[in-house]
Amino acid sequence: MTSIGTDKTTQQIGKVIWAENLCKKFGAFTAVDHISFEIEKGEIFGFLGANGAGKTTAMRMLTGLSKPTSGKGVVAGFDINTQSEQIKKNIGYMSQKFALYEDLKVWENIRLYAGIYGVPKKEIAPRTDDPLHRLGFEKEKDTLVKSLPLGWKQKLAFSVAIFHEPKIVFLDEPTGGVDPAARRNFWEMIYQAADRGITVFVTTHYMDEAEYCNRVSIMVDGRIDALDTPKNLKDQFNASTMDEVFHHLARKSTRNAD
Amino acid sequence: MKQFAAFVKKEFRHILRDHWTMIILLVLPILMVILFGYGISTEVKNTRFAVLDPSRDVVTQGIVNKLATSEYFILGDYLTSESQIEQCFTHSNYGLVLVFGNRFGEQIMDPDGVQIQLIADGSDPNTASILTTYASSLISLYAKELSKEDEKALLISPQVKLLFNPSMKNSFNTVPGIMGVIIILICALMTSVSLTREKEHGTMEVLLVSPMRPFLIIFSKMIPYFCISLVNLSTILLLSHYMLGVPIVGSFGLVVLISLIYIFVSLALGLFISTVAEKQIVALLISGAGLMLPVVYLSGMMFPLESMPVALQWFANIIPAKWFIIAMRNVMIKGLGITSVLREIIILVGMGSLIVFASIKRFKIRLE
Amino acid sequence: MNVMLRYLLEKEIKQFVRNSFLPKMVVMLPLMAMLIFPLIANFEIKNINLCVVDHDRSIQSQKLIQKIQSSGYFRITDVAESYQRAMLQVESNNSDMLLEIPVAFGKDIEQGTSTNVLIAANAVNGVKGGLGSSYLTAILQNFSVDIATKIQLPKAMPQGAGFSIIPRFWFNPTLNYKMFMIPALMIMVLAIVSGFLPAMNIVGEKESGTIEQMNVTPVGRFQFILAKLIPYWLVGFIALSIAVLVSRWVYGFKPQGSIVTVYLFASMFMLAFSGFGLVISNYAKTMQQAIFMILFFLLTFIFLSGFYTPINNMPQWGQVLSNFSPFKFIIQSVRLVYLKGCGFADMLPQFFALCGFAVFFNGWAVLSYRKKS
Numbered sequence: 001m002t003s004i005g006t007d008k009t010t011q012q013i014g015k016v017i018w019a020e021n022l023c024k025k026f027g028a029f030t031a032v033d034h035i036s037f038e039i040e041k042g043e044i045f046g047f048l049g050a051n052g053a054g055k056t057t058a059m060r061m062l063t064g065l066s067k068p069t070s071g072k073g074v075v076a077g078f079d080i081n082t083q084s085e086q087i088k089k090n091i092g093y094m095s096q097k098f099a100l101y102e103d104l105k106v107w108e109n110i111r112l113y114a115g116i117y118g119v120p121k122k123e124i125a126p127r128t129d130d131p132l133h134r135l136g137f138e139k140e141k142d143t144l145v146k147s148l149p150l151g152w153k154q155k156l157a158f159s160v161a162i163f164h165e166p167k168i169v170f171l172d173e174p175t176g177g178v179d180p181a182a183r184r185n186f187w188e189m190i191y192q193a194a195d196r197g198i199t200v201f202v203t204t205h206y207m208d209e210a211e212y213c214n215r216v217s218i219m220v221d222g223r224i225d226a227l228d229t230p231k232n233l234k235d236q237f238n239a240s241t242m243d244e245v246f247h248h249l250a251r252k253s254t255r256n257a258d
Numbered sequence: 001m002k003q004f005a006a007f008v009k010k011e012f013r014h015i016l017r018d019h020w021t022m023i024i025l026l027v028l029p030i031l032m033v034i035l036f037g038y039g040i041s042t043e044v045k046n047t048r049f050a051v052l053d054p055s056r057d058v059v060t061q062g063i064v065n066k067l068a069t070s071e072y073f074i075l076g077d078y079l080t081s082e083s084q085i086e087q088c089f090t091h092s093n094y095g096l097v098l099v100f101g102n103r104f105g106e107q108i109m110d111p112d113g114v115q116i117q118l119i120a121d122g123s124d125p126n127t128a129s130i131l132t133t134y135a136s137s138l139i140s141l142y143a144k145e146l147s148k149e150d151e152k153a154l155l156i157s158p159q160v161k162l163l164f165n166p167s168m169k170n171s172f173n174t175v176p177g178i179m180g181v182i183i184i185l186i187c188a189l190m191t192s193v194s195l196t197r198e199k200e201h202g203t204m205e206v207l208l209v210s211p212m213r214p215f216l217i218i219f220s221k222m223i224p225y226f227c228i229s230l231v232n233l234s235t236i237l238l239l240s241h242y243m244l245g246v247p248i249v250g251s252f253g254l255v256v257l258i259s260l261i262y263i264f265v266s267l268a269l270g271l272f273i274s275t276v277a278e279k280q281i282v283a284l285l286i287s288g289a290g291l292m293l294p295v296v297y298l299s300g301m302m303f304p305l306e307s308m309p310v311a312l313q314w315f316a317n318i319i320p321a322k323w324f325i326i327a328m329r330n331v332m333i334k335g336l337g338i339t340s341v342l343r344e345i346i347i348l349v350g351m352g353s354l355i356v357f358a359s360i361k362r363f364k365i366r367l368e
Numbered sequence: 001m002n003v004m005l006r007y008l009l010e011k012e013i014k015q016f017v018r019n020s021f022l023p024k025m026v027v028m029l030p031l032m033a034m035l036i037f038p039l040i041a042n043f044e045i046k047n048i049n050l051c052v053v054d055h056d057r058s059i060q061s062q063k064l065i066q067k068i069q070s071s072g073y074f075r076i077t078d079v080a081e082s083y084q085r086a087m088l089q090v091e092s093n094n095s096d097m098l099l100e101i102p103v104a105f106g107k108d109i110e111q112g113t114s115t116n117v118l119i120a121a122n123a124v125n126g127v128k129g130g131l132g133s134s135y136l137t138a139i140l141q142n143f144s145v146d147i148a149t150k151i152q153l154p155k156a157m158p159q160g161a162g163f164s165i166i167p168r169f170w171f172n173p174t175l176n177y178k179m180f181m182i183p184a185l186m187i188m189v190l191a192i193v194s195g196f197l198p199a200m201n202i203v204g205e206k207e208s209g210t211i212e213q214m215n216v217t218p219v220g221r222f223q224f225i226l227a228k229l230i231p232y233w234l235v236g237f238i239a240l241s242i243a244v245l246v247s248r249w250v251y252g253f254k255p256q257g258s259i260v261t262v263y264l265f266a267s268m269f270m271l272a273f274s275g276f277g278l279v280i281s282n283y284a285k286t287m288q289q290a291i292f293m294i295l296f297f298l299l300t301f302i303f304l305s306g307f308y309t310p311i312n313n314m315p316q317w318g319q320v321l322s323n324f325s326p327f328k329f330i331i332q333s334v335r336l337v338y339l340k341g342c343g344f345a346d347m348l349p350q351f352f353a354l355c356g357f358a359v360f361f362n363g364w365a366v367l368s369y370r371k372k373s
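Here the protein sequences line up with chains A, B and C, keeping their order.
Each residue of the first sequence is one higher than the one before, counting from 1 in my numbering.
Each residue of the second sequence is one higher than the one before, counting from 1 in my numbering.
Each residue of the third sequence is one higher than the one before, counting from 1 in my numbering.
This is chain A alone, in the form it adopts within the complex (with noise of 0.2 Å):
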């Protein structure tokens, strides 16, 4: 690990998450500007800004898909600089489209990620149960991805990207067109997987889901504006939900929405 030589580094140490003045440019155009966080293991944190504030460009350098221009970041121990690669063994990843493989069964996408973080053969084919039993999609072992609902895919994908027990789970707007029930029912399925020690760093544009999270930041045109819990946000800015103390950081927003 790089040492910047502040007492910053020893709270460092032991953070599973940390990143400093970390920055995304385009040409021109700045994506993510100097942002710096820290993330305890076991936590859930959430990741909140409009659509376009920078939330999945920030993600994507935190788990080696893509290269900051500047800043430094360590994720499981690895810099992402120059180890993305070590970091990738030791995280989960839930992309924006679920990523699932539409034409293979439930069970095969299952088996094809475990074997590929290094589940040994013999564990995979008893463990798949576990995961579709606590779906509650047993009977859908032998499905096609593509017949199952979205609602169904999204829990797969969820149980995919934590079935080799990663440090860390990344999920990017898991719960995007998903209906409200399901997505609280989603959010069951992170408390319990928080549960079990895995840190979470999920990505939304849905304000209410940052009440289930046990800090929140708030990007806006590529910055982060606020970091902290939500209930000291909400005193903060002296708003009864998330959504008011959004739209009052929102409001200075120069950037649009795609």
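Simulated from the structure, these hints should not be mistaken for laboratory data.
Take these hints with a grain of salt, some might be off.
[Stated by the list, open to error] Calculated cross-link-like contacts (lysine-lysine; reagent style DSSO-like; alpha-carbon spacing at most 30 Å):
#1 B:9 - B:199
#2 C:371 - A:41
#3 C:24 - B:279
#4 C:371 - A:167
#5 A:41 - A:139
#6 A:105 - C:14
#7 A:89 - A:105
#8 C:372 - A:15
#9 A:25 - B:9
#10 C:24 - A:146
#11 A:72 - A:167
#12 A:97 - C:206
#13 B:199 - C:254
#14 C:372 - A:72
#15 A:121 - A:105
#16 C:24 - C:14
#17 C:14 - C:372
#18 C:285 - A:146
#19 C:67 - A:89
#20 C:107 - C:67
#21 A:25 - C:206
#22 C:206 - A:105
#23 C:206 - B:9
#24 A:67 - C:372
#25 A:121 - C:372
#26 B:279 - C:206
#27 A:105 - B:279
[To be verified] Distance ranges between label pairs, derived from CB positions:
#28 A:146 - C:249: 53 to 61 Å
#29 A:136 - C:222: 38 to 46 Å
#30 C:356 - B:101: 41 to 49 Å
#31 C:285 - B:241: 30 to 38 Å
#32 B:19 - A:30: 18 to 26 Å
#33 C:285 - A:30: 17 to 25 Å
#34 A:26 - C:208: 17 to 25 Å
Note that the Cβ used here is the ideal one computed from N, Cα and C, for glycine as well.
Place chains B and C on chain A using the hints.
Relative to the frame of chain A, chains B and C by itself:
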């Protein structure tokens, strides 16, 4: 009206944003003109030939010289035995081997005459035929010079006129075909993919609910491709005229008219395919394999239709490109007037209307 | 490392087999290429429509017309009354050529006086016009010789001075155009299956987002790419074998040389061309882009390769450029094996060229594949 203009502008912007495809769409016709113009040539020149000549007399030398000094042949090696002949074809680039018998010059005056063997590499039949024809003519020419008889000995002297394309340039044949391929590519393929993409992303429904009439929406999608086709058409005509020397003997207006009709048919095809295909990849494959391949192979653009089995010739009749190419050749190369292309025009207009009709029906069914 | 590859291969194979379209295509493509394309891709000139204007109507002119008909090259579509009428036929494409026989034709040749006939050919298709007139001229000359011998004109032989020219066609004595085209068509099938399909597969994953999911995993680019290619190589072999078998059973077309050599060269070509497909898939963001890029390069490669036109016939710059096309070397090699029985040792330069392409394209593909952007 303003809404329509806005839609059209949006479509243009979509297309322009996709740099790679734009570039390829505009460069492809140039590429095709060059390739087809220079790449397909049945002219055979500078073929290396070898000689097996045990006699080495004046006559054989004369014949060898006749070939070597022509533009068709380049003298390679003198062989020393028959066993070397095969090597010429397998390891070197020879097209022909000339084999004389022993004491050739002496035996000429024999009543039975002597033989010259022309051994050609038959793997490419066309080149082989052409080479042997060239070589034979050159040898006959030489023979005439040898023989003391005068020209009158030839009883029938044919005068040959090569009509419309006296220098037998291949490009004359293929340029109308290139236009046919490019237009179908742009108008049918791109349009169908563009329309199907909207379907796939679900934005088609949104558009249909808007106050814009459906046919205007579709129209707005076609206009950019229509414009690109016009640009490409001009490119092809300019290039083939100035670079390849293809003439436009007939009326330019007629050329434009026929092209516009064909563009109409192609756009209609694109529309129809988009009503059939649910996903982009399917539209792509249908337009690509189902349209382009027949146009390239069965329209008469490259391969003469008459050499194909009758069944395929009948099938070729439903390919609009076939009629387009006939009409274009008649006007561009033969310089004929509108009466000679009436049949083709009627067929094309008929096809286009039929396809549009079918598309509208399908579209209405979907809406219900 | 190998473990990941195994799982990936498992996935790829399952996906391939479950696809409703691809497995059928792998069988249909070689079938079509062997059965239908040879019927189409044909530069042979046959069935030339001839319109005859016979001002003479003598026994001799009738004999001439009969001779023309029996040659097999021509179809006498019409006997017109005047040159103008015949020209209309040619203009309207009902006839490809016209032959005008003058009034005193029969009398003249019986008496040994030379006479003129007019051949006018539609040369829009230059090859057709040119070859057609040559054929007709040759028939006329033969006819001329027959008459001259009959009436015993001294030494009136256009092939004159007492020698006869015997053409011999090696490797393909019947001048069967199919034998020339089929090796090239086999290669086309191979190119589509092993180059085009994997490229489309990868770009498809880009569009659906699954490639991003894969990029977040520890899977290395080597494994990912290899897992994509291996099934398509296998499938390429299958397609090639189907083509080889079909051409053998239907046309009796057997390679003069060893079929093993063909497979060896085909393997190297598959390696090279699939690398090319990969390079395209790295740069194309959508399937549409990929198709266009591949189309663009494929057209260029094929034209420069001697597929349609022998390389010798191309202008100088074309011949130089043809060396940049992997198709040139593989088509040459397969033709050499099939038609001329060449062995591996005879074609080392071609093999090395293909190796070079393989290294170049695959190297580029691996280097330009970015898990991180």
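Against the structure, the hints come out as follows:
1. B:9 - B:199: Cα-Cα ~20 Å, so holds.
2. C:371 - A:41: Distance of about 27 Å is within 30 Å: holds.
3. C:24 - B:279: Roughly 19 Å between the alpha carbons, so the hint for residue 24 of chain C and residue 279 of chain B holds.
4. C:371 - A:167: holds (21 Å)
5. A:41 - A:139: violated (35 Å)
6. A:105 - C:14: Holds. Residue 105 of chain A to residue 14 of chain C sits at ~10 Å (cutoff 30 Å).
7. A:89 - A:105: Holds: residue 89 of chain A and residue 105 of chain A sit about 24 Å apart, inside 30 Å.
8. C:372 - A:15: holds (24 Å)
9. A:25 - B:9: It holds: about 29 Å lies between the C-alpha atoms, which stays within 30 Å.
10. C:24 - A:146: holds (22 Å)
11. A:72 - A:167: Holds, at roughly 20 Å.
12. A:97 - C:206: holds (12 Å)
13. B:199 - C:254: violated (49 Å)
14. C:372 - A:72: Holds - the C-alpha atoms of residue 72 of chain A and residue 372 of chain C are around 16 Å apart, at most 30 Å.
15. A:121 - A:105: Distance ~18 Å between residue 121 of chain A and residue 105 of chain A Cα, so the pair holds.
16. C:24 - C:14: holds (15 Å)
17. C:14 - C:372: Answer holds: residue 14 of chain C to residue 372 of chain C is near 28 Å, not above 30 Å.
18. C:285 - A:146: Answer holds: residue 285 of chain C to residue 146 of chain A is near 23 Å, not above 30 Å.
19. C:67 - A:89: violated (83 Å)
20. C:107 - C:67: holds (18 Å)
21. A:25 - C:206: holds (23 Å)
22. C:206 - A:105: Holds, because 20 Å separates the two Cα atoms, which is no more than 30 Å.
23. C:206 - B:9: Holds, at roughly 28 Å.
24. A:67 - C:372: holds (7 Å)
25. A:121 - C:372: holds (29 Å)
26. B:279 - C:206: holds (16 Å)
27. A:105 - B:279: OK: residue 105 of chain A and residue 279 of chain B at ~22 Å, within 30 Å.
28. A:146 - C:249: 53 to 61 Å: violated (40 Å)
29. A:136 - C:222: 38 to 46 Å: holds (39 Å)
30. C:356 - B:101: 41 to 49 Å: At roughly 46 Å between Cβ atoms, residue 101 of chain B and residue 356 of chain C fall inside 41 to 49 Å, so the hint holds.
31. C:285 - B:241: 30 to 38 Å: Hint holds: Cβ distance 37 Å, inside 30 to 38 Å.
32. B:19 - A:30: 18 to 26 Å: Because 23 Å falls inside the window, the suggested range holds.
33. C:285 - A:30: 17 to 25 Å: Holds, at about 23 Å.
34. A:26 - C:208: 17 to 25 Å: For residue 26 of chain A and residue 208 of chain C the Cβ distance comes to about 23 Å; the hint holds.
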